[in-house]
Amino acid sequence: MPVFIPSSLNEATQLLSSNPSAHLVTGGTDLMVEVNFNHRHPETVIALRNVPEFQLWNVDHTAGLVHIGSSVPYATMEHGDLATALPALAEAARTVGSPQIRAAGSLGGNLGTCSPAGDSLPVLSALDAVVHLQTSTSTRSITFAEFMVGPKKNSRLPDEIITGVSIPITNGWQGYAKVGVRNAMVISVASVCLAIHDGQVRVALGSVGPTIIRCTESENWINSVGLENVDHSLAQEFGERVRAESRPIDDHRSTAEYRRHAVGVLATRLLLRGVQK
Amino acid sequence: MSELEHYTLTINGESRDVLDAWIGESLLYVLRERLGLPGSKGACEQGECGSCTVYVDNAAVCSCLVMAATAVGTQIATVEGLNEDGSLTDVQEAFVTEGAVQCGFCTPGLVMAVHHLLDHNDSPSEQEIKEALSGNICRCTGYGRIFAAVDTVISVRKGISS
Chain S
1 MPVFIPSSLN
11 EATQLLSSNP
21 SAHLVTGGTD
31 LMVEVNFNHR
41 HPETVIALRN
51 VPEFQLWNVD
61 HTAGLVHIGS
71 SVPYATMEHG
81 DLATALPALA
91 EAARTVGSPQ
101 IRAAGSLGGN
111 LGTCSPAGDS
121 LPVLSALDAV
131 VHLQTSTSTR
141 SITFAEFMVG
151 PKKNSRLPDE
161 IITGVSIPIT
171 NGWQGYAKVG
181 VRNAMVISVA
191 SVCLAIHDGQ
201 VRVALGSVGP
211 TIIRCTESEN
221 WINSVGLENV
231 DHSLAQEFGE
241 RVRAESRPID
251 DHRSTAEYRR
261 HAVGVLATRL
271 LLRGVQK
Chain P
1001 MSELEHYTLT
1011 INGESRDVLD
1021 AWIGESLLYV
1031 LRERLGLPGS
1041 KGACEQGECG
1051 SCTVYVDNAA
1061 VCSCLVMAAT
1071 AVGTQIATVE
1081 GLNEDGSLTD
1091 VQEAFVTEGA
1101 VQCGFCTPGL
1111 VMAVHHLLDH
1121 NDSPSEQEIK
1131 EALSGNICRC
1141 TGYGRIFAAV
1151 DTVISVRKGI
1161 SS
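As they're listed, the protein sequences go chains S and P.
Using our numbering, read the first sequence as starting at 1 and increasing by one per residue.
Using our numbering, read the second sequence as starting at 1001 and increasing by one per residue.
None of these hints come from the bench; they were simulated from the model.
Keep in mind it's a predicted model, so treat the numbers as computed, not measured.
Among the hints, a few may not be true.
Stated by the list, open to error - Chain P regions said to be covered by chain S (calculated; three or more residues, Cβ under 8 Å):
hint	region
1	1010 to 1017
2	1036 to 1048
3	1063 to 1075
4	1090 to 1102
Claimed, not checked - Below 25 Å or equal to it, Euclidean Cα-Cα: the simulated DMTMM-like pairs (lysine to aspartate or glutamate) are:
hint	chain 1	residue 1	chain 2	residue 2
5	P	Lys1158	P	Glu1093
6	S	Lys152	P	Glu1045
7	P	Lys1130	S	Asp231
8	P	Lys1130	S	Asp81
9	S	Lys152	P	Glu1048
Even for Gly, the Cβ is constructed at its ideal location relative to N, Cα and C.
Taking the hints into account, I'd like the entire structure generated from these sequences.
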């Protein structure tokens, strides 16, 4: 039978182990666009919607850690405890497609596809998220930087399933901003997540490079300047430095020049929001 | 050539057999072309227009992006099942009386989205209404009459006017 709907994690990993070329699908909002337009023709599918572990999430304030199962829909991240613990993720989740897409789409899908335009991915990068993977015989947990290795390329092995992510809670401000051709239901042309933890800034860029880009040079510069000294002109310089770390291309959605401009503006804006100026 | 599938879906409370189907078929396709339920409309096939909105386990989703064969075991509700006897719901009545239907293509999806909103929130703010309907595109009305229909339903349900 070419469609499997396992009801446990163990069953899911066993099925993938025997069918390593199977498509893994939860909501289907990404895969089905390609199928509808005849870009993909799946032969075997493992639907993960009934695996209870993938639907779990929790906020552990003692450990300072949030766990989100790979099938938890974006709609769940927009409000409530997850949004309070991870405001940047809530902001990113709210920009994903439409309410109908957010009711079905999940982090597992964003990670599995690993598009540089994946809305949640700059957040996972800036927040130093850890991605959990499991086979029928082993588990491993790797950083987001280790996970995403290229445009639509990740280091998931053929017999591994993404079970979820762990995201440390920051003790400072965090936010997300995205530019698209309009406000609603749009694929990002450029996006930025900025988070502050222990007074240190972290910034990650989406849609302006082959992978999500962590701007370590800009981070080091602003952290050596000190957040307490940030004013409008320093925030502008921060934007310039972030811009220099982006590696955008021209494509059907935008030009590299515009993307470079946009990430700088977004980074400046987020930094000023972060320091409340 | 892929193997063909037989499976059973639960739609509007009824078991419906789907025979000899390709696994890549969307729920929208199966509803319209295999099960004789053409109420859900197909326009963009990529989740942008919302005209194919159905409920899967009480979540309003785009049926064009649900792989039908993976929806086995879920409760699927379509616009045809809103009222068991086929009469108009209060939302549909309000769409008619407020002139929120022009070409009508987006209407089933919008009706599903409005019911989903008002069944979970009986007093949505203007912002919440706009957000809830942001996944449903109408190219005729400019949305004013659709929002008027939503307001009418809210008032009628609260007994403010009849």
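Now the hints, each set against the structure:
no.: 1; hint: 1010 to 1017; result: violated (count 0)
no.: 2; hint: 1036 to 1048; result: holds (count 4)
no.: 3; hint: 1063 to 1075; result: holds (count 9)
no.: 4; hint: 1090 to 1102; result: violated (count 0)
no.: 5; hint: P:Lys1158 x P:Glu1093; result: holds, 16 Å
no.: 6; hint: S:Lys152 x P:Glu1045; result: holds, 22 Å
no.: 7; hint: P:Lys1130 x S:Asp231; result: violated, 36 Å
no.: 8; hint: P:Lys1130 x S:Asp81; result: holds, 24 Å
no.: 9; hint: S:Lys152 x P:Glu1048; result: holds, 22 Å
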